[in-house]
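Work out the full structure, taking the sequences as your base and the hints as a guide.
Below, each chain spelled out in residue letters.
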Amino acid sequence: MASEPPGSRVPLGAEPASLFSRRTFIATATAVTVGGVAVASDVVPEPSPQATGAPVSGRVSLVVNGEGRTATIDNRTSLLDLLRERFGLTGTKKGCDAGACGACTVLVDGRRVNACLTLAVRLEGAEVTTIEGLAPGGDDELHPLQQAFIEQDAFQCGYCTPGQIMSGIGCIQEGHTRSPGEIREWMSGNICRCGCYVNIVKAVEQAAGTT
Amino acid sequence: MHPFSYTKVSDLAGALAAGRRGGRYLAGGTMLVDLMRESVERPSVLVDISALPLGEITATAGGGLRIGALVRMAEAAAHPSVRAAFPVISQALESSASAQLRNMATIGGNIMQRTRCPYFRDVTAACNKREPGAGCAALGGFNRAHAILGASEHCAATHPSDVAVAFAALEANVHLLGPDGERSVALADFLLPPGGTPQREQAARPGELITAVEIPAHPRPLRSGYLKVRDRQSYEFALTSAAVALHLRDGVIHQAKVAAGGVGTVPWKLPAVERLLIGERPSQALWAEAAERAADGARPLEHNRFKIELLKRTVERQLRVVGDLAGGTA
Chain L
1165 MASEPPGSRV
1175 PLGAEPASLF
1185 SRRTFIATAT
1195 AVTVGGVAVA
1205 SDVVPEPSPQ
1215 ATGAPVSGRV
1225 SLVVNGEGRT
1235 ATIDNRTSLL
1245 DLLRERFGLT
1255 GTKKGCDAGA
1265 CGACTVLVDG
1275 RRVNACLTLA
1285 VRLEGAEVTT
1295 IEGLAPGGDD
1305 ELHPLQQAFI
1315 EQDAFQCGYC
1325 TPGQIMSGIG
1335 CIQEGHTRSP
1345 GEIREWMSGN
1355 ICRCGCYVNI
1365 VKAVEQAAGT
1375 T
Chain Y
47 MHPFSYTKVS
57 DLAGALAAGR
67 RGGRYLAGGT
77 MLVDLMRESV
87 ERPSVLVDIS
97 ALPLGEITAT
107 AGGGLRIGAL
117 VRMAEAAAHP
127 SVRAAFPVIS
137 QALESSASAQ
147 LRNMATIGGN
157 IMQRTRCPYF
167 RDVTAACNKR
177 EPGAGCAALG
187 GFNRAHAILG
197 ASEHCAATHP
207 SDVAVAFAAL
217 EANVHLLGPD
227 GERSVALADF
237 LLPPGGTPQR
247 EQAARPGELI
257 TAVEIPAHPR
267 PLRSGYLKVR
277 DRQSYEFALT
287 SAAVALHLRD
297 GVIHQAKVAA
307 GGVGTVPWKL
317 PAVERLLIGE
327 RPSQALWAEA
337 AERAADGARP
347 LEHNRFKIEL
357 LKRTVERQLR
367 VVGDLAGGTA
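Residue numbers (the working numbering), protein chains in the order written: chain L, 1165 to 1375; chain Y, 47 to 376.
Rather than coming from a laboratory, the hints here were simulated on the basis of the structure. Since we're looking at a predicted model, the values are computed, not measured. All C-beta atoms in this analysis are idealised placements derived from N, C-alpha and C, irrespective of residue type, glycine included. Incorrect hints may appear among the rest.
Coverage of chain Y stretches by chain L, computed from C-beta distances (three or more under 8 angstroms per stretch; other residues unrestricted) [claimed, not checked]:
no., stretch
1, 50-62
2, 88-101
3, 145-155
Selected chain Y positions facing chain L (in silico; Cβ < 10 angstroms) [said to hold, decoys possible]:
no., residue
4, M47
5, G74
6, M77
7, D80
8, M82
9, E84
10, R118
11, A124
12, E140
13, R278
14, E282
As structure tokens, this is what we get:
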């Protein structure tokens, strides 16, 4: 490990422009490119899993919308990618892929979570509910919250809607629907770029009163 | 994201063995998976500790609380004992992140979380925390959200946690289990200011595991609360925050515990504010006088000078809110 304190390349009060000099950029880019890992000269890289022979993939069996599923996956696979790319359940949406927008919200063992930050390999035996599992009877049947989104005109482009609805189900189950203000606060993990928040709150309020 | 092997451990001995071999502990994953995707973190072995028996909240002798490291943020916030004894903890937790993230993230992971400094997360920017010796893009860059307290010439990133501010105010201890056995460290000593080693953010030793955070007993009745000021009303990190806990007897403040968030490289205890309160009777003038000391020692950067006044006002407001609960202001 480092025995010397790190030097600061940029003095206090330096102009922002000096931070992103061509030299800094090239140095950083080179470190990233060579060997694929940015390594400071005094940091010993950890052995890669390939070098140690440890497997970088695994098998997971879980229940999705009531149906048992098994897949062999790269350990890096998120639940979101497993659902969309392997199981063909594209109702769950990828927005930021960083836990910041809520578009990927699903229920895991009854709790609303961000599927993008959930490593699928961890979900052995878990029960996952996605937007496709809310009204499994067919296209004519809707969950009360889905119906409420239509009646309250709670979307425009619709991209965030599956996440909004799954989050709304969690919000209702948790009992955080006693006022519009409470719904707004407990739905804040779901961003809507069309700005349908007023009607989303109304839809959650409507469904909370009927479920 | 770099490839990694994955193992799930079922007991503490198995966890420590895997940790000793260099495995990286994985709890809620909301921070680590995110940073791995950005290539900021590149662990080669993940050790899933979610099945370990660290998910309990228990009362300790005298009225303290022991919160297991794997208690999820949502569970801790909603727990009746937490809500009754230390509302400041529940309020701090519920003002953090989103409902989804709070259903995933754990108390231990919250203490271990890394900074949200955008330069730390951007692998093309210079960051001494990510790459010791590389320099700090924040010091001469856009530093509106950065620390005014505790920064060094190498780093000015804030500690992002809200609940750690409540824990700091309440003088919590972090319980650790490692190859050399158990130990307990004051949170104030566990979270490290950057100094000359900004890459080292916690005092955990290699292979050590957080088992619990313990809140010591405080004299009762204790009134407490958390105020968070941010650019949007929800789902945002603090620009400033204040955790306040007051114990009054016969109309006099006998104990005052105050800490600030969003302003320090670690949760920032405010002993000068506390000292001014103790032995005094609540009044609007007292809150203002004490809060005037909230930013003692502050060294603002180019874009965050506003935090000095904002911090004073945040502390004053929360002293007033909690002080009124604690026995009324004359």
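Going through the hints against the structure:
no., hint, verdict
1, 50-62, "holds (count 4)"
2, 88-101, "holds (count 7)"
3, 145-155, "holds (count 5)"
4, M47, "holds (5 angstroms)"
5, G74, "holds (8 angstroms)"
6, M77, "holds (9 angstroms)"
7, D80, "holds (5 angstroms)"
8, M82, "holds (8 angstroms)"
9, E84, "holds (8 angstroms)"
10, R118, "holds (9 angstroms)"
11, A124, "holds (9 angstroms)"
12, E140, "holds (8 angstroms)"
13, R278, "holds (8 angstroms)"
14, E282, "holds (9 angstroms)"
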